[in-house]
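Those protein sequence lines, which keep their order, are chains R and Z. Going by the numbering used here, the first residue of the first sequence is number 1, and it counts up by one from there. Going by the numbering used here, the first residue of the second sequence is number 1, and it counts up by one from there.
It should be emphasised that the hints constitute simulated quantities derived from the structure, not laboratory data. Yeah, the Cβ is synthetic: ideal placement off N, Cα and C, and Gly gets one too. Hints may be right or wrong, so weigh each one.
What the hints assert, rightly or not - If you anchor each label on the Cβ, the simulated ranges turn out as follows:
id, chain 1, residue 1, chain 2, residue 2, range
1, Z, ASP36, R, LEU35, 33 to 43 angstroms
2, R, ASN89, Z, GLN74, 36 to 46 angstroms
3, R, HIS55, Z, ILE69, 46 to 56 angstroms
4, Z, TYR42, R, HIS103, 45 to 55 angstroms
5, R, THR88, Z, ASP114, 30 to 40 angstroms
6, R, GLU68, Z, THR35, 26 to 36 angstroms
7, Z, LEU67, R, GLY117, 51 to 61 angstroms
8, Z, LEU80, R, ASN129, 30 to 40 angstroms
9, R, ARG57, Z, THR89, 53 to 63 angstroms
10, Z, TYR42, R, GLU68, 39 to 49 angstroms
11, Z, PRO91, R, ARG163, 47 to 57 angstroms
12, Z, ILE51, R, VAL119, 39 to 49 angstroms
13, Z, GLY65, R, THR101, 55 to 65 angstroms
14, R, VAL91, Z, HIS33, 49 to 59 angstroms
As the list claims (entries may be wrong) - Just a sample of chain Z residues kept apart from chain R, beta carbon distances all over 12 angstroms, derived:
id, residue
15, PRO62
16, PRO64
17, PRO91
18, GLY106
19, LEU133
20, GLN138
The residues making up each chain are set out below.
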Amino acid sequence: MKRFILVAAIAWFNLAAGAQTNTTGTLPVSPRLTLISSDQGDFDLAGHEAIYRGHVRVDDPQMKLTCEQLIADVPQGGGHVNHIVAETNVVIDFIDNKGQTNHATGDKAVYVYSEQGGVTNETVTLTGNPQMENAQSTLTGDPIVWDRQNNHLSATNQKMILRQNLSGLAAGTNAPPPEKTNLPPGPVENTDTNVK
Amino acid sequence: MKVAANIGPVLLVAAVTVLSVVALDLRAQQTGHATDFTTTEYWEPPHQQKIKSVLSGAEAQPQPGGLLIIKELQLRTFALDGKPEMIVTAPECIYDTLAGTANSAGPLQLQTGDGKYRVSGEGFLWRQTNQLLTISNQVRTVAQYGPNKH
């Protein structure tokens, strides 16, 4: 049997999970457990939609998401989960493909997945005072769009704050300054176009 | 996302089937008290020899107002190839044959036939007309993806 609509929310984990699949077949890969919890859940069995409400929490080995409401639309026929919306006080803590911890916040996060003509599009759009932060930098802008397929991050009206490690300077050493640009998970650029 | 691609929406359909079967079977049971009952539904022709679902319960007790109390409800659905699809269990629920709803303040558990996806909660209401299942409290989903341990 195919799986449950509830599992739609797993897509969130995959946003940050990166490739954990054993492609060589030489090492055993343990099954991964994902936990979704909420105060309430509405499952529209006709409309193919699952709505988690109240203290929604998604826990995965590589990502944690909290919000007040999570809606997952699931296509008929066993296709890919293509649309997930997390709303209200969205907080995502994830590990990017560099192994770096990131912290993202916003009022709303929309995950969209589509396949057309052999081309896969997979994005996460953060809106509502969104912010992405890691040890090196903080990025703000609205929206912040994370192109998962191309590992590309963009923001409209972006503002980025870089943090320098000044410990070497304080010690009076001649150590080279730390690298300043290390924004996960890809290049950051200004975009003037609105994101749907 | 590859895993998510495979886990799909079909459970929705399965769940609809499950709940519809519950409703139909419960209607059949409402005329009298039954214990340790089991009802079996078969697939439509030309697969009428294959089991589609099995509904069982420790007790089915008719109540005034078209209500039916079901205890130790278990519903199992099967694919055409005989593989188990979904298992729904609830210690007790009240089925309103007039309103077409089923509810309970107690726990509900759903899981796929392979056991990889399990949902539980406390208190539920199922509305047959719009096929809406509400789990009222402590909704918890555990999803396993990746290879099986065995």
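Each hint, compared with the structure:
no., hint, verdict
1, ASP36(Z) x LEU35(R): 33 to 43 angstroms, "holds (35 angstroms)"
2, ASN89(R) x GLN74(Z): 36 to 46 angstroms, "holds (38 angstroms)"
3, HIS55(R) x ILE69(Z): 46 to 56 angstroms, "violated (32 angstroms)"
4, TYR42(Z) x HIS103(R): 45 to 55 angstroms, "holds (54 angstroms)"
5, THR88(R) x ASP114(Z): 30 to 40 angstroms, "holds (34 angstroms)"
6, GLU68(R) x THR35(Z): 26 to 36 angstroms, "violated (44 angstroms)"
7, LEU67(Z) x GLY117(R): 51 to 61 angstroms, "holds (54 angstroms)"
8, LEU80(Z) x ASN129(R): 30 to 40 angstroms, "violated (50 angstroms)"
9, ARG57(R) x THR89(Z): 53 to 63 angstroms, "violated (24 angstroms)"
10, TYR42(Z) x GLU68(R): 39 to 49 angstroms, "holds (44 angstroms)"
11, PRO91(Z) x ARG163(R): 47 to 57 angstroms, "holds (54 angstroms)"
12, ILE51(Z) x VAL119(R): 39 to 49 angstroms, "holds (42 angstroms)"
13, GLY65(Z) x THR101(R): 55 to 65 angstroms, "holds (57 angstroms)"
14, VAL91(R) x HIS33(Z): 49 to 59 angstroms, "holds (52 angstroms)"
15, PRO62, "holds (27 angstroms)"
16, PRO64, "holds (29 angstroms)"
17, PRO91, "holds (19 angstroms)"
18, GLY106, "holds (16 angstroms)"
19, LEU133, "violated (4 angstroms)"
20, GLN138, "violated (7 angstroms)"
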